[in-house]
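Trainee: Given the coordinates of chain D, assemble chains R, Y and C onto it according to the supplied hints.
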Amino acid sequence: MSTESLLEIRDLSVAIPTETSTLRAVRGVDLELRRGETLGIVGESGSGKSMTALALMNLLPPAARRSAACVNFAGTDLSTVSEKELAGQVRGRKIGMIFQEPMTSLNPVYSIGRQLTEAMTLHGEVSAAQARRRAIQLLEKVGLPDPASRLKQYPHELSGGQRQRVMIAMALMNEPELLIADEPTTALDVTIQAQILHLLRGLQTELGMSMILITHDLGVVSRAADRIAVMYAGDIVETGTTAQVLNDPRHPYTRGLLECVPGYREASAHRLGSIPGVVPSMTGDIRGCAFAARCPRAAEECFIDSPPTRPLGPARTYVCHDPEETRSRSLLEGHDREQTPVNKPAKESVLKVAGVSRTFSVRRGMFGKRKSLRALDNISLEIRKGEVLALVGESGCGKSTLTRTILGLETPDSGTVTLAGRPVGALPPRQRARMIQPVFQDPYSSLNPRKTIGNIIGRPLQVNQLGAKAEQRTRVRRMMELVGLPARVFNSFPDQLSGGQRQRVAIARALILDPEIVICDEPTSALDVSVQAQILNLLLDLRDELDLTYLFVTHDLSVVAHLADRVAVMYLGEIVECGDRDTVLTHPKHPYTRALLDSALSIAPELDVPEPRLTGDFPNPMNRPAGCPFHPRCPLADAQCRSRAPEVEWAADGTLVKCWRAGDAAGAFSQLSAGQTPENWPDPPKINKEESAP
Amino acid sequence: MTITESVGGNELTSEAEREQAQLGLTPGQVAIKRARRHPGLLVGFGILLVMALFAVLAPWLAPHDPYLQNLSLRLLPPAWVEGGQWSHLLGTDHLGRDYLSRIIYGARISMMIGIGAATIGAIIGVTLGVIAGYFGGWLDQAVNFLVTCQLAVPSLLLIMALVFVIGQSITVVIFVIGATHWVFYLVVTRSATLRIRELDFVAAASAMGCSRLQIAVKEILPNLLNQILVIFTLEVAVAILNEATLSFLGLGVPSPTPSWGLMIAEGKTAMFFQPWLVILPGIALFVLVIAINLLGDGVRDVTVTNRRS
Amino acid sequence: MINYVLRRALMALLVALTVSFGTFALFYFATDPAQTIAGEDAPQEMVDAIREQYGFDRPVSVQYVDWLGSVLQGDFGQSYFWKQPVVELIQEHAKVTIMLALLALVVTVVIALPLGISAALRPNSWVDRFALTTAVSAQAIPNFWLGLMLIILLAVTFPIFPVSGDSSWRHYVLPAFVLGTSSVPAVMRLTRTGLLDVLGSDYIRTARAKGFTGYRLILRQALRNALLPIVSVLAVQLGHKLGGSIVTESVFSMNGLGRLAVESIFNSDIPTVQSLILLFVLTFVLLTLAADLINAWLDPRIRMG
Amino acid sequence: MTIRYPVRVRAFLVGMMVSLLPLSASAGPSDDTLVVAFSKALTTVDRLYSIQREGLILSRLTDDGLFFVDPDTLEFEPLAAASYTWVSDTRLDITLRDNVRFHDGGRLSADDVVYTFRWVLNKDSDTSRGAVIRGWLDSVEKLGPLKVRFNLKMPYPMALRDMAISIPLRKSGTYDDPRGGDQPLNGIGPYRVKQFDVGRRIVLERFEDYYPDSPKAGARIRNMVFRVIPDEGTQQAELLSGGIDLMMDVPPDVADNVSALPGVERLEGNDIRIGYLTLDAAGYADPDSPMTHLKVRQAINHAINREAISRYLVRGSARAIPYACHPRQFGCQADGPRYPYDPEKARQLLAEAGYPEGFSLKLWAYREKIIAEAIVSDLKAVGLDVDLRYVKLNVFSKMRNDHRMGAFFASYGSGGTADASASTGVHFTANSNRNYSGDEALSKTVLAAERTIDRDERRRLYREALNRIAEQAYWVPLFSYSQNYLLTPALSLPVSEDGVPRLWQAAWRQ
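Chains as they are written, first to last, in our numbering: chain D, 1 to 694; chain R, 1001 to 1309; chain Y, 2001 to 2305; chain C, 3001 to 3510.
Isolated chain D (complex conformation):
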């Protein structure tokens, strides 16, 4: 890493005129990047981090206006060069860019080969054959097997991870000096995320590029970035090396953000920290500190004056008034009531899934034949009264089909779901509704945009004809209070609410029928970290208060570690491992569970991105491998795994496993591992506790 500066941005602003006003997405950002260095820009949605990157390349939407004192890149001021020069000299040549959505970022109608080679031939200095050689070479480098034949393929024939690899190769075609990666792994599953990050890290070192990594995920930056810039409301609030910022956060926002991450402090902490309120409007001017309204330490001056930039060392600054009088205040309002002892005795099961299978018939393309897709394969599961059962798996593993089947919205081909002793399919819908209710992932699609909040929450009562109108209203208001919704939103529409508030509405709607079981389908994965913390806290509080049972579907192991009692791991429509949280997370028996644990990136600045041990992608459920469905990706697979599917086995500690090699999994892994297998997951991050929680 040299100390030579590659990129220097001074006072970069972006304004986007909207119908009513002007949105000032980026407000005077200063940034510096040295050659060979990785800068992580961290922020929640709407903080302006992507805009900053797009502004750099002038790829903003047509209406946006950019201004900057200077954007010095390798000696040229990009803020003054023409569009033509920028396109011809800089974009794709000196700066490569990778975007968040690999599924939509490649042109669907052109072959991979064409899209790769034209990145070079466009600039006109190499022949098509040269470009082709380079493309093959790069595809190999980014880990796509059989690169020459890939060139003929089209994007839709590749999986998301593969497409992101192609994107990376494309960005590297002209050996750029700087690679901008805008949330490169956000749309990918955890195991793939680790692969891609690892690849990026390796390529960067190998090619000596600089990189700007934009992400909302503190775990990702902690592993992949050398330095961090934290953005809030269009401006950078804190910068420093990764270790400095994460171990010793100075800005109250940075601290708050870290407190919100499950597992940041201690796995067992019952409540997470949270930041009240939401990001302020980005239209118009902001008076004082943009964070003041949400800051537990805000003093009078914070609301009046723009905060000063306080240097702490070389390239280590934070932007805060840091008022003396509130130094002692913490972000964690009402901090921990000490955790109630959890180890409840195993209670009777309230819901039983026995041998459920479900196959869909799908037509691919206009001319294709119908093919069958086995979404669920002989799934058995039980949920016990009062527990939180976490269902973990990557996208496409059949989680959603399973939850829909449990809810009675989908009829299984074989097997039964038994709820309170009766098959759920045989229950009258309304009776079923009063026993089991869902909370969905996307708060934007789970509320009918045409109905008022009061209406949405009260709808279950109306449908089930419970109580008179007035009584229904009272119950709705009470429920709103319980989930922390202000009474004034009663007549509002979902569009007028924030994501967190919407998710509270969804929870209120689920709970108003007093169900026994709530199925939470990734209830926080669409939310920002700070909001996620609020919702997780709320769910746990409600569980205690109302004695609920949760089936909690998630892909985020830190969330699992935070709240689950038991864990079930799903792969390709099967439960491959199921047992107590601690047992499963600390002594995983199935290689897939182990791989998931390896891929989860906790906040650990001192660690690098782990080397992924899983090869390949999550397979297409339509082409199920024979034998153990996991065998093509499994490091331990042998002939038996390839030919016969494993049976369910019960380990001595009461864990269910479906693996031929379960016995030797743990041992084999430790032999294979390069010495950083987390024996005691999750890793307690080494942070200065006195600083964060006095």
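Be aware that a few hints might be false.
Only pairs whose alpha carbons sit at most 30 Å apart, straight line, appear in this in silico BS3-like list of lysine-lysine [stated by the list, open to error]:
#1 C/K3380 <-> R/K1268
#2 C/K3216 <-> C/K3147
#3 Y/K2083 <-> C/K3345
#4 C/K3147 <-> C/K3171
#5 C/K3362 <-> Y/K2083
#6 R/K1268 <-> C/K3362
#7 C/K3380 <-> C/K3345
#8 Y/K2083 <-> C/K3123
#9 C/K3040 <-> R/K1268
#10 R/K1218 <-> D/K451
#11 D/K469 <-> R/K1218
#12 Y/K2083 <-> C/K3171
#13 R/K1268 <-> C/K3392
#14 C/K3147 <-> Y/K2095
#15 Y/K2083 <-> C/K3194
#16 R/K1268 <-> C/K3171
#17 C/K3147 <-> Y/K2083
Note that these hints are calculated values from the structure, not bench results.
Predicted model, so just to flag it, every value in this text is computed and none were measured.
Mentor: Using the frame of chain D, we list chains R, Y and C on its own:
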């Protein structure tokens, strides 16, 4: 994880703006606010309002009875042309009926047929669209079959054949035009329904015990209303033009109803000599239809959730 | 793919059968072809003789099956009214209609595509406004009225083109323009929104990040995607035009399929009506099939699924 | 906007006429070609198989029958026949001219006549008028090389008419080839068919070997072209630009307008066609129909202002008619009640019939919409709620034949026949679908008139029938039609009495 950070603009603002303004505007208020700044919509609405007034108040505004014939005053030119009379501002037709009065009454006919036919089309199309989109399976196939039947036969020919066989009357014209103009509704509502039915609030409704009918009517339909309204407006225009075309071809509303298309058809034989008989109703038709289209485009612009800037 | 084509063919067959039986029944119950064949002043005996001669007195199902049987043997019958084999009759009229439809399609494409593309490239500019105004106006002008106005203006007041008929290329200019403009609004709007959508897509942003800009961005990256919906809509529009442009043909007195269809209806010339319907259904299905195949060729996702 | 059209357009039309290039083979005296517009296409040039009016016009040029209708007197005179004798009431002997040649040069003989009539009598030959002829003609026999005998089934005074109008003579063996093949029409008329493009045009050429003693001899124009131009406006434009020389059946308004331009001549001629309203007196459509009341029917007769309609809408030689026949027709003399225009009386009669508030009525029509509208307007003025059902002929006839109409407006051209049998007769015989009177006595009277040869007796019978119709007000006889022609001033064309143009007499002015 699917945290998306849009670069489009609106989504970015939305979150912040909402909280800032502490629950700003409801969707309806937003639409009205946008409408006030939409010139096309305002102009269209204005013209339409005036024409609707003429249609409603025709008995008071028309100087003569549109059906009253006076054979001795046939084919008078407009008043300002040599030979015209000021008592018949726009002249008279082949039976000596006052042309201005017939044009004013014509607005009634056009609007009645436009709205009537578009309503019938909407009822058929939306019902089929929601059924096909929500229930899918063989019902979807059946609806698809109907659509192919409808599209494969030239619609004007079909309408003409039907009117021809059933007989001409305003009601028949309304029903036949309506019954042949539902594909647009169907296609849009079907695809919207397909999209909406996958949304979580539909799953939530079914989890709370709603029947399929309840879901279709109470959850899905309200979300289609904006689109239906836009299509409705545009289909009113289409129906009006269709009626005019039909009447022009002699298979629309029966004589002596003052329909603009019929008036053009009647004037056509003499169009080289009494061109006003053709030009005037044509202009009325053009203005009415353009106003409706402006309104429809405007409504679409102001109700669309993510307007392209 | 063969499977797909077969499915479409089956669909076409079903549609044709349904529609043709429907027409048959409608005509059976509502009209008397015998009088038309005999003429308005024909005496009773003549009409009765004709009814018997053509078998109009038989039940509708018998007549239909009879007709269907001959069609299956490739015999489309004689036109009652024109006393000419239907196939010949249709061939004769189809020439005019095909010519007109293709010319009109050219007019549509030549006006709508450039207008739509330039509007999409500069949203809210004067080009965009002009394009939208054109679309809104063209949508509002009654087709037949536009035809009449053009006749008054360009055939009578300034006698540049013939008033009507179909005997030389000059006869086709005005009708093709009238018929072509009727599709301009739809195609133009679709081009505009389609291209706008494509230009706002992630992969265009990727292309820009690679260094594409200006016309190269449009031609080499965006156009193919934007063409997909346009191909479909053009196929449907062409289908409608080939189905006979009743209005244009009658305003300009052209002997095309549209007028043949209308007159056959008016004359209860059932063999002609039925054959035309078969032809229309077949044309429509073939065209949409062609559009699908072109789209599959353009878009590998459709091609390979 | 300003409308200043008439003057300007007129100027432009003149300009156009001068400047516009001739669009088709040039018409006019320069190449001795008369171009005539047909608004409907002929499907065949063989009169035996065509029923259209255009076919009648054409066949008067290409074909001769044994007899023909004298265009001035409307009497039936021998044409290909040299003479004829009624041997008895049911036996007619005809002697042929000896110098008649077919277009292919062959001479006309008795064999050809026998062949023609036997062909028509044969049910399988499906000629369009076979059914009518079979109704009265029993057999034909050859008496000599130029002599033929017709045996009738009954006394039939209209036999000469049918021979004149419906049966052109064909050469023996013409139809041996199934359906005649593609051979050109082989007639004996003054013109022969040179070219026939279905749906587009028919080209005729003068037949130079036409028998000179024919009343139709002496054709002046060498070539005739009939162009199919369905659209009225197009015909006008073509006429103005010289593309055609003659337009027939011109609506009066158009005739007024166009004839005001220089370079166009207008001719008005008579027509044997009459317009009328039939009322469902029998109560076929609805036994409780108000039409079953005599007073209602009389009221309707009083309500319609036929004078105004004839004067302003039909115009030309059109006159209001009092009885159910054309005044020029034989037998059309009656003295039954007439119903002058009197809306007051009409209202009073309606009230007397028990309909002081009027009633709802569907009036069916299939032609002359404007006139139908005017009638509707008159009926509305006396308090009836009339719904005009203007439909195409095939629908109209279905409804009429099924007896499902309460009232309809129709017209009848009598096939150019100046005899009451063609109007009164056709409409009131018992088996006619057109008969809505349900009056059997009347039918008998009419039938008797049709089977009587004696002229005075026939007159008496028709008078009785017509008086009965008028008394009972089964009809509202409306008006006789007139024919408007538009033509180039270079053309001279004598107008006929029956509305069928006698083009063989057309000539160029010097």
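Trainee: Which numbered hints are broken by the structure, listed smallest first?
Mentor: Those not satisfied are hints 3, 5, 14, 16, 17.
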